[in-house]
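Mind assembling these two chains? They're in different frames, but the hints should get you there.
Residue numbers (our numbering), protein chains in the order written: chain A, 1 to 173; chain B, 1001 to 1344.
Note that these hints are calculated values from the structure, not bench results. Predicted, not measured: the structure shown is a model, and the values here were computed from it. Each hint should be verified, as a subset may be incorrect.
[As the list claims (entries may be wrong)] If you want a taste of the chain A side facing chain B, the calculated C-beta under 8 Å gives, among others:
hint: 1; residue: ILE30
hint: 2; residue: LEU50
hint: 3; residue: GLU53
hint: 4; residue: PHE54
hint: 5; residue: VAL60
hint: 6; residue: ALA66
hint: 7; residue: PRO129
Cβ atoms here follow ideal geometry from the backbone N, Cα and C, with glycine treated the same way.
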Amino acid sequence: MLSVHLILFLLFGAVCVAGAINLLLQRHPINSALSLIVVMAALAGEYLLLGAEFVAAVQVIVYAGAIMVLFVFVIMLLNAGVEERSAGSRVSWLLGIPGLLTGSLLVAWVLLRQSGTFMLKAGEQPGAPKDIGQLLFHQFLLPFEVTSILILIAVLGAVALATKPEKTAEGAD
Amino acid sequence: MPIVPYILISIIKSALVLFFLLTAVAYTVWLERKVVGRMQNRWGPTRVGPFGLLQPAADGVKFLFKEDLTPPHVYKPLYIAAPLIAVIFALTSIAVIPFGGIVSLGGYDIPLGITDVNIGLLLVLGVTSMGVYGIALAGWASNNKYSLLGGLRASAQMISYELSLGLSLVGVLILAGSFSLRDIVEAQRGSYLGFIPHWNIFPQFIAFFIYLTSAYAETNRIPFDLPEAETELVAGYHTEYSAMKFAMFFMAEYANMITVGSLATLLFFGGWLGPVFGPPILQALLPVLWFLIKVVAFLFVYIWVRGTLPRFRYDQLMWFGWKFLIPLAIANLMVTALIIAWKS
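Here chain B stands alone, though its shape is the one from the complex (with noise of 0.2 Å):
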């Protein structure tokens, strides 16, 4: 493709996802807080607008409106950076996730996605070791003794878990062949028996497991939300951020969220495949309506786990890591590629 048409969808495609990522992420928030309210038997926002739908929108009205108090003693530099650290790693793994197939557009084959780098599952999870940082920052430069033990709690365990993490996707990586997430999804075509998908979370349902459990240590949510644990540490690492400050690690999680559903999606639930029929233009966007779909259901399954159970103490957290995930995936790891050894 010449050089400035690619430029140009490239913009056009970033800006899209942005501005799609952003209100996802808001519309999350409202989605977690109308299911635990019905899982707590109540309501959940239901007055502005129907079913509470302007909900996100006066919660961004009120953010901007927020007094933003500068606590005195805080290091000021660090104090400002690390929830614009934790946002900025947190939308940037969106740039390599696709979305759907190749659209055949105006002469040019777009494929959906910002991107397709061939290291892109390692791009992800370097983007997720880096984003440990908007919170180890934030509870060191908060000056303030709960939010110093939230961050460092935050980010020895997510560094723990991103082992776990990492190790899980290999089983995947084998099967796939590829770095690249396009090709991990084109491996998921077809079916077993004819109508059972071929997708990942048939063979790799222990790596399924391992990942989940790992995605939500990393993404600092129940089970795991210790850092930021209301009645064990007041706020844990965003105690002394208001107004703003504070919305921005809210948009970190939930994007982070957000993120690790749309890997599971690719990696073990066949991405955008699913049934595509009818004219072309049904063709190009029914991948994309499964793709959401199933991420909504993962988002789903994350809200309904925050709501379920109790929260995991920090040895037994740090014990379930390293005892009981990385072994568990090394032995998922190791059979897989015995099988997979033995059938080549």
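Chain A with its partners taken away, still in its complex shape (with noise of 0.2 Å):
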């Protein structure tokens, strides 16, 4: 069942993982960044295959176009330098290979065992941005007001944290 679908899906699936893979191992933030930024991309291809083509685009403009822009921000300012690399600790060599690999045992098991019980066609659900913003300003009203005044709470945090507090009138010792 080669179809060209499946070939992009595995395709931007591997660049996605190779992505992440390379996060990992990279030393240098910047390259860890970046390398975020590429499966940030990859999702969004992945995105656009199962028929969500306002979802990939905002993933697009926001994650990678945005989020990661400030990422790379602090990264820059911070001069955040190589990582150092060690031999790490046997501990994690002795607990984290096998926890890995039975962690990556189960998940498939599970996978495997929902797989052909329930399928979702690409395309199926909608996608098209008509359609998400009936949705959004409908049924989902609530939770999507309710989202957009933790972001803001969130950025009242972030500025009430960063604001430097004021000067007393005694000034300092």
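Below, the structure written as structure tokens:
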């Protein structure tokens, strides 16, 4: 069943996983940030393949184009240096590799058990901006507004944390 | 359309549009030098070819032969990648820009424009957002305090004005009802009172003003060119670049200008709509001519503003974007939405 759709899905998935692994393996944080941008772009491609075109475009605009820019800002401003490589502790090797294998086997088993039971055709759910707009402003209006207030709270918190405290009239000791 | 002719036609269209875009970029530089020169009461390029028309060719040859110096302390991978990123994203958004109606050639109906995606406008916004990386990474990779400052300022400016850019376009989207650029132009057919064209500039003139200002900021042009101002930051993020890499930043900036100008004509000035008459070959080409005239007019305004206005100070720039343009864009959006809801 080798369709173009499947090939593209595997391609974007491979790019996504490669970007994620590269993010972990790179020593300089700016390279990790760039790998994360590649991951975001690959995810946007996957969304597009599912027929969610609006979400794909917004993923690029918001995630890859604004949030990651701020990540890159922070890395540039704080001049984060190259990561030091160490051998790693013995405990991490002893627990980590079996843990990783067990985790991935568990996920694979759950997925394979569920495969073939419930399938969603690509493009079945609403993906066009008009449909998403209708859903957002009719059925999902409350979650939409609450999410925006949540983001506002986060912004207020960041501003409150970052504001310099006012100087007292007495000055420093 | 069957698959093989479709691929062939797409390849031909892409090659033609790309070639045309690159030539247009070179000649926009010529236009700028001429117009700014005349505004400053001097000639501009006149020696190379008639009216200096071969000056871009001479510049291209110069850039090719210039010494391509890589300073020793730069972060090499990103230093080389940054101009590539800038150019790639600058040239990508031309793919969804339609520049003519649908032409019937050899039995196939070919829409003039490389492709027509039903989220075309979002794609252009997305590519503009990604274009910030070229500048930010160039500033950082140059390992130079002036470049870093220039790159950071440019990135902050670009992401701030992306917001008002997007918000100003929502009024147009409400009027047109679609994200597809071709549909937005088609919604501007017809006229008011028989002679005033039904262009979006008339109901959305505030949005046009916001779009114009945000576009100047997005493309780092005067009055918003503090990131690359010579007197402020040596040359900002492209201080350490020479020869072809510098030419790539230059190309990216002018390609962005052309894309923004094309978007403005598509969204506010009716794109390729204009009086069409005559035999079928003329009927196919006249819309493209109208489109080109409108884009060149927009570029002329760009260059005119460049030659006239002083630049914003950085805090004034950020204040203007966040505290003036965004509330104005939201107000415009609300008024447009209210009027459309009341009408229907």
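Status of the hints after comparison with the structure:
For ILE30 of chain A, the shortest C-beta to C-beta distance to chain B is roughly 7 Å, which falls under 8 Å, so the interface hint holds. Interface hint status for LEU50 of chain A: violated, as the beta-carbon distance to the closest one in chain B is roughly 14 Å, over 8 Å. Below 8 Å, beta-carbon pairs count as interface contacts, and GLU53 of chain A has one with chain B at about 5 Å; its hint therefore holds. Annotation: interface hint on PHE54 of chain A holds; nearest CB of chain B at approximately 6 Å, less than 8 Å.
The interface hint given for VAL60 of chain A holds, since its Cβ lies 4 Å from the closest Cβ of chain B, which is under the 8 Å cut-off. For ALA66 of chain A, the interface hint holds, the least distance from its beta-carbon to any beta-carbon of chain B being 6 Å, beneath 8 Å. Restraint check, PRO129 of chain A versus chain B: the minimum CB separation of about 6 Å is within 8 Å; hint holds.
Against the hints set out earlier in the document, a violation occurs for number 2 only.
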